[in-house]
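Colleague: With the hints as extra help, turn the sequences into a complete structure.
2 protein chains.
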Amino acid sequence: MKRRGILFIISAPSGSGKTTLCNRLVESIEGLYRSISMTTRPPRTGERDGMDYIFIEKQEFLKRQKRKEFLEWANVFGEYYGTPKKYISHMLNKGSDVLLSIDVQGAMKIKRLHMEACYIFILPPSMKMLKERLMNRSTDTSKAIRERLRIAKKELSYCHKYDYVLINNRIESALDGLRAIITAERHRIWRNRDVIHAFGKNI
Amino acid sequence: MKRRGILFIISAPSGSGKTTLCNRLVESIEGLYRSISMTTRPPRTGERDGMDYIFIEKQEFLKRQKRKEFLEWANVFGEYYGTPKKYISHMLNKGSDVLLSIDVQGAMKIKRLHMEACYIFILPPSMKMLKERLMNRSTDTSKAIRERLRIAKKELSYCHKYDYVLINNRIESALDGLRAIITAERHRIWRNRDVIHAFGKNI
Numbered sequence: 000m001k002r003r004g005i006l007f008i009i010s011a012p013s014g015s016g017k018t019t020l021c022n023r024l025v026e027s028i029e030g031l032y033r034s035i036s037m038t039t040r041p042p043r044t045g046e047r048d049g050m051d052y053i054f055i056e057k058q059e060f061l062k063r064q065k066r067k068e069f070l071e072w073a074n075v076f077g078e079y080y081g082t083p084k085k086y087i088s089h090m091l092n093k094g095s096d097v098l099l100s101i102d103v104q105g106a107m108k109i110k111r112l113h114m115e116a117c118y119i120f121i122l123p124p125s126m127k128m129l130k131e132r133l134m135n136r137s138t139d140t141s142k143a144i145r146e147r148l149r150i151a152k153k154e155l156s157y158c159h160k161y162d163y164v165l166i167n168n169r170i171e172s173a174l175d176g177l178r179a180i181i182t183a184e185r186h187r188i189w190r191n192r193d194v195i196h197a198f199g200k201n202i
Numbered sequence: 000m001k002r003r004g005i006l007f008i009i010s011a012p013s014g015s016g017k018t019t020l021c022n023r024l025v026e027s028i029e030g031l032y033r034s035i036s037m038t039t040r041p042p043r044t045g046e047r048d049g050m051d052y053i054f055i056e057k058q059e060f061l062k063r064q065k066r067k068e069f070l071e072w073a074n075v076f077g078e079y080y081g082t083p084k085k086y087i088s089h090m091l092n093k094g095s096d097v098l099l100s101i102d103v104q105g106a107m108k109i110k111r112l113h114m115e116a117c118y119i120f121i122l123p124p125s126m127k128m129l130k131e132r133l134m135n136r137s138t139d140t141s142k143a144i145r146e147r148l149r150i151a152k153k154e155l156s157y158c159h160k161y162d163y164v165l166i167n168n169r170i171e172s173a174l175d176g177l178r179a180i181i182t183a184e185r186h187r188i189w190r191n192r193d194v195i196h197a198f199g200k201n202i
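Residue numbers (numbering that gives the first Met the number 0), protein chains in the order written: chain A, 0 to 202; chain B, 0 to 202.
What the hints contain is simulated information worked out from the structure, not anything from laboratory work.
What you are looking at is a predicted structure, and each value in this text was computed from that prediction instead of being measured.
All copies of an identical chain are treated as equivalent in the list; a pair is satisfied when it fits inside any one copy or across any two copies.
Here are the simulated lysine to any residue pairs, SDA-like style, with alpha carbons at most 20 Å apart:
| id | residue 1 | residue 2 |
| --- | --- | --- |
| 1 | K160 | E184 |
| 2 | K152 | D193 |
| 3 | K200 | E131 |
| 4 | K127 | G199 |
| 5 | K200 | I166 |
| 6 | K17 | R187 |
| 7 | K200 | M128 |
| 8 | K200 | R147 |
| 9 | K152 | V194 |
| 10 | K152 | I188 |
| 11 | K110 | A73 |
| 12 | K200 | L148 |
| 13 | K1 | I166 |
| 14 | K152 | A197 |
| 15 | K17 | M107 |
Modeller: Okay, here's the thing in structure tokens:
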């Protein structure tokens, strides 16, 4: 019997380098798949439908929301974001692990569902670095940057609700840390009861 | 402020390849040190005093035992074995992690002390392989082998008291698993409160 998959939930203040980390992570770990969120906001340059997000119409989103197809959803400045339930439960049931990259608010909504999951928080190297990264995004105005910093501070106060914390100092060492967490969680005793049981029978 | 070190407790039925794994592990991980047990039994060929065990006289052992210098101790077929308390607490206090390789009975004694520690159980690839490994040890009689197998079965029944389980199929993959567990545990949120606190202050 194959063990049930593990749901890994990763949050980080924007500017922590989370997207790059998550992409590199699923590329380098076998049996780990990204959960892709649905959104009604238009794609940004370089974003691919079905890869970065599933881009859908507002009407379509609301229909799915009504059918309770989302694990959690949010309305951010008029645009909807949702985590599809079906894909995640399908993958977990067949024993695959799922990586869900989501903001703190979304993660806390999932936590309240008491779903078994492993929560990882990624910190930027320093607050100074976070400011710099946000300022280098030409898309943001200085008001938007201040707002993002305010949100980052708020998000940080939820850090203790997570299981693990990682500082994204150097991408390679942050990746090593993430890989280690995923490998370790796969070895947790209560996830391997069947292995132990099968072993014991052969004594 | 440096975090307190983590105590890693590793148990395995004899013949699981635990000694080799532990030696390779401390060689390859920075900040991880082996706790060396004291024993009154004579050294086996190749065993080095102060490396594999600290070999002491029975009288000396009993004196230390009386002074409560052992975290746990046991009398196995008339020979004493003990885990020195001072070294472990010294290392943990200065922020170093400690690896303690110990039998299931010893591990359970430490567990009853409610010391904060991470418990790892190593399984041999299969029961068949364990029998073969024990039979290839020319030192053991067939009666001794049967006795070791009986103990292995008993030990296995305590497996669920541990935090992690690893199968020593191939030494390299078992080592990767152990390294991952150690790295992951270092990233546990409650062990990094100071880091998070310091980070939050700089916002």
